[in-house]
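Trainee: Start from chain A and add chain B according to the hints.
Top line first, the protein sequences correspond to chains A and B. Numbering follows my numbering, with no gaps: position 391 of the first sequence is 391. Numbering follows my numbering, with no gaps: position 170 of the second sequence is 170.
Simulated from the structure, these hints should not be mistaken for lab results. Please read all numbers here as calculations on a predicted model, not as lab measurements. Some hints here could point you the wrong way.
[To be verified] With the C-beta cut set under 8 Å, the calculated list includes, among others, these residues of chain B facing chain A:
{"id": "1", "residue": "Arg-31"}
{"id": "2", "residue": "Ile-208"}
{"id": "3", "residue": "Asp-254"}
{"id": "4", "residue": "Gly-266"}
{"id": "5", "residue": "Phe-269"}
{"id": "6", "residue": "Leu-271"}
[Stated by the list, open to error] Residues from chain A that keep clear of chain B, each with C-beta distances beyond 12 Å, as calculated:
{"id": "7", "residue": "Trp-15"}
{"id": "8", "residue": "Leu-41"}
{"id": "9", "residue": "Lys-64"}
{"id": "10", "residue": "Lys-92"}
{"id": "11", "residue": "Asp-96"}
{"id": "12", "residue": "Gly-122"}
{"id": "13", "residue": "Ala-149"}
{"id": "14", "residue": "Asp-171"}
{"id": "15", "residue": "Ala-243"}
{"id": "16", "residue": "Ala-310"}
{"id": "17", "residue": "Arg-315"}
{"id": "18", "residue": "Arg-324"}
{"id": "19", "residue": "Arg-340"}
{"id": "20", "residue": "Trp-371"}
Ideal Cβ positions, reconstructed from N, Cα and C, are used throughout, including at glycine.
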Amino acid sequence: MDLSWLSIADANTRWVLGGACLLGLSSGVLGSFALLRRRSLVGDALAHAALPGVCLAYLLTGTKNLGLFLVGAAIAGLLATMAMSAITRYSKIKEDAALGIVLTVFFGLGIMLLTVIQKLPGGNQSGLDKFLFGQAASLVGSDVRLMAAIAAGLCLAVLLLFKEFKLLAFDPGFGAGLGLPMGLLDLVLNLLILLAVVIGLQSVGVVLMAAMLITPAVAARYWTDRLGVMTALAGVFGAAAGALGTLLSQLGPRMPTGPLIVLAATLVFLVSLLCAPRRGLLARLIRFVRLKRQVAREGALRAVYELAEAVGDPRALVTPDELRRRRGVTGVGALGALARGGALEATGGGWRLTAQGLAEAHRLVREQRLWEVFLMHEGELGGQSVDRDGARVPPAVRTQLEQLLTLHGLEPRLYKEGA
Amino acid sequence: MDWYASGSIIATGALVAASAGMVGCFLVLRRLALLGDAISHAVLPGIALAFLLTGSRSTLVMVLGAGALGIITTFLVQTLQRAGVQEDAGIGVSFTALFAVGVVLVSLFAGKVDLDLDCVLYGEIAYTPWDTLVIGGINLGPESLWTMGSIFLLNFSVIGLLYKELKICAFDPAMAAAVGINVAVIHYVLMGLVSVTTVGAFESVGAILVVAMMIVPAATAYLLTERLGVMLLLAVLQGVVSAAAGYFLARQLDSSIAAAMTTVSGAFFALAFLFAPRTGLVARALALRGLRTGQQMMQ
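Next comes chain A alone, as it looks inside the complex (with noise of 0.2 Å):
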C-alpha cells in the first residue's frame, strides 16, 4: 500500500496542513459566537457571496494573489451583510427570505464572472474555479503564512474580546445596560467571522464554506456547557477536521478538498451525537434504561410493601401470584435486583421483605401517599411550585400532608420510623 501521502516531511505537504489546521482552527472559534447568536447560516452566506469579490478582484487587476482575493472577498461580503440588513430592515422580507436572496443572487453574479473569465485567454489557467469547492493542494507558504497572520490574528481578538462576546452571545440587553457598545460588537463579531470565511475559501471552497462554521461548534457544544471551552473545543475540531479532510484529500488527483474536510468535520460532529456524555443519545440512552428500572424497582418495592400491609404482618410471603394481580409490577427483573440489593428475601414461592426492605419500602410508600393527598387536596393548598415529573411533595406544605395523611387513614401501618 502506498502511504507516501501520509508522510508529512514534504514540504508542500506541510504547508497545506498547516493551512487547513489554521482555517479549521479559526472557524470553529468564531463559529461558535456565529451558533449562539443564531446565525450560523449568515455564514453560508458570506460564504457564496466571497465569490464575485474574488473573480472582480481578478478581472480587474489580472493576478491571482491570494491578498487581492481575500482583499476582494471581504468587501463583496460586507456589501451582502449590508445588503442583508437592509432587505429587512426597509422591507417586510423577513430573514430567511433575505438572507436566500443575497446568498443566491450574488452566488449567481459570482458564476457568471467566473464563467466570463475562463474564456478570457489565461482565464483558464486563473484556478478560479478551484475557489468553489476548494483544493488545499493550490496552497503555497506564502498563502499559508498570510493564512496564520490571520488566523493567529482572529485568535487574539476572540480573546480579548471574550468577556463581550460572551454577554453579545447569552445576554445583548444586559450588556447594553453595562454600557457596552453592543451594537459595535456585533459588528466586530460579524467582521470577525467574514475574516474566518475569507481564510478558509481557498481550501474548503465557498459552497461548503459554512459547514465549517457550523458543525465543529454544533459537535462542540455538546461536550460543554461553559463558553470557553466550547471555543477552545471547536477550534480543536475544525483544526482536526480540516487535517483529516486534507490527508484524505491526498489520495485521488480530482478530489476536492472542500467536501472531505466537510465530511471529516460530520465526522465528528456524529461522534459528539452520539457519545458525548450528559448530552449525548447514548448517555441519553442509558440515563432513560436506568430510570426506568429505578421506576420498576420502587414500584414492585411498594407493590410487596402493601400486599403485606393488607395482611398486616411485615414478614408476610408476597407470591408472584398476587403480584401478578397488581397494576404496575411487571416481570421479575425488578424483584430480583431488589433481592440482589438486599430489600427482599427471596423464599420457596415467593418474596418477603427484609428488614432493610421494610424501612425503604415504607419511607416509598409514605411519599407515595402523601403525594397522592396533595392532589387531592391541591385546590386548597394553593398555587404551590410542584416537581410533577418526580411526584414530590412541594416541602411548605409537607406537615399539612402529613396531618390530612391520619386524617384520612392512609399512613402506611407497617413500621413505624425508630420503633
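Mentor: Below, chain B without anything else, positioned relative to chain A:
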C-alpha cells in the same frame, strides 16, 4: 442568431423560472426559504447515487433518488432539532454534509457518471436544444422542455386545486388547522413540489441557482403586491422576463446562462426594493418628506 436554439433555451429557462416562482411564493410567505435552499443542495447525492446504481439518466430515476434525499433531509433536520440542535444549525449541518457526500461521489465516479461539478453548480441549459426527446423515431424537440413543461403543469394544477388550503396555511396555520385543513399534509405537498421542481431544474440551472429562481422572483412580487393571486402572477412574470433577459446578457458576455438569469433576477429585485410603489425605499423617503412638509405647514 439560431432561432431554434435560442427559443428552446429561453423557453426552458422560462418554464423553470415559472415553476420555481410559483412554489417560491409559498416558501417566502411561510418563511421556509432556507429549507428550500437545504433541499436543493441535499438532492445531489440522491441524483448521483441514482446514476451510479441504475446507470440511467431517465427523469424517473432521478426524481426517485432526489425525492428520497429530500425526505431524508427534512427528517434529519427534524431529528437534529429533537436532539437539541437549534434549527438553523441543524439545517446547516445536514445539507452541507449531504452536499459534500454528493460532490465526493461525483468526483470519485466522474468517469462513470455523465455529470460534472460545473453541471451541478450551474447546469447545462446551453445544451438543451440538442438533447432531444425521440419517441418512435419522431423528434419531439428538446427533452428538458418536455420535463419542465410537465413540472410546470404539475405545479400549476396542484397550486390551482389546493389554492385555498395553501393560502390559509401560508398566512394563518392555526386557523387552517381550526377549519379542518390537514396542515402537515399541505406542508409535505409543498415540500414535494419543491423537490420535484429542484430535480427538474437541476440539469438546466444547477443546484444553487434553482433556489434563486424560487426565492428571488417571489420576493420581488411580495414587495409589489399584497394579494396572493397577483403575487403568483408577478413572480412568474418576473421569472420569465429574467430568463429571457438573462439569456441575452449571457450571449453578450459569453458567460453561464443560468447565472446570468439569476443576476438579472437579482437586479429586478433591487429595482423593486428601491422603487416599489408605497413600500419601496424611494416611495418611503418621499412619503416621509411629505409628512414632514405637511407637519411644517400645519405649524
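Trainee: Does each hint fit the structure? Answer for all of them.
Mentor: A quick look at each hint next to the structure:
Hint status for Arg-31(B) relative to chain A: holds, with the closest Cβ pair at about 5 Å, below 8 Å. The closest approach between the C-beta of Ile-208(B) and any C-beta of chain A is roughly 6 Å, which is under the 8 Å cut-off, so the hint is satisfied. For Asp-254(B), the interface hint holds, the least distance from its beta-carbon to any beta-carbon of chain A being 5 Å, beneath 8 Å. Proximity of Gly-266(B) to chain A holds as hinted, the smallest CB-CB distance being about 3 Å (cut-off 8 Å).
Evaluation of the Phe-269(B) hint against chain A yields a held restraint, the C-beta minimum of about 6 Å falling below 8 Å. The restraint placing Leu-271(B) at the interface with chain A is violated, with a minimum CB-CB distance near 13 Å, outside the 8 Å limit. Listed as outside the interface, Trp-15(A) is consistent with that label: its C-beta sits roughly 23 Å from the nearest C-beta of chain B, beyond the 12 Å cut-off. Not every Cβ of chain B is farther than 12 Å from the Cβ of Leu-41(A); the closest lies at roughly 5 Å, contradicting the non-interface assignment.
Look at Lys-64(A): its CB is around 20 Å from the nearest CB on chain B, clear of 12 Å, so calling it non-interface holds up. For Lys-92(A), the shortest C-beta to C-beta distance to chain B comes to about 7 Å, within the 12 Å cut-off, and the non-interface label is violated. Remark: the non-interface label on Asp-96(A) conflicts with the geometry, its nearest Cβ contact in chain B lying 4 Å away (cut-off 12 Å). Listed as outside the interface, Gly-122(A) is consistent with that label: its C-beta sits roughly 15 Å from the nearest C-beta of chain B, beyond the 12 Å cut-off.
No Cβ of chain B approaches the Cβ of Ala-149(A) within 12 Å, the least distance being about 27 Å, so the stated non-interface status holds. At roughly 17 Å from the closest C-beta of chain B, the C-beta of Asp-171(A) stays outside 12 Å, upholding its exclusion from the interface. Every beta carbon of chain B lies more than 12 Å from that of Ala-243(A), the smallest distance being close to 17 Å; the non-interface claim holds. With a closest Cβ-Cβ approach of about 44 Å to chain B, Ala-310(A) is found to remain outside the 12 Å limit, as its non-interface label requires.
Arg-315(A), annotated as away from the interface, keeps every beta carbon of chain B farther than 12 Å; the closest lies near 49 Å. Its beta-carbon lying about 36 Å from the closest one in chain B, Arg-324(A) satisfies the requirement of being farther than 12 Å from that chain. For Arg-340(A), the shortest C-beta to C-beta distance to chain B comes to about 34 Å, beyond the 12 Å cut-off, and the non-interface label holds. At roughly 30 Å from the closest C-beta of chain B, the C-beta of Trp-371(A) stays outside 12 Å, upholding its exclusion from the interface.
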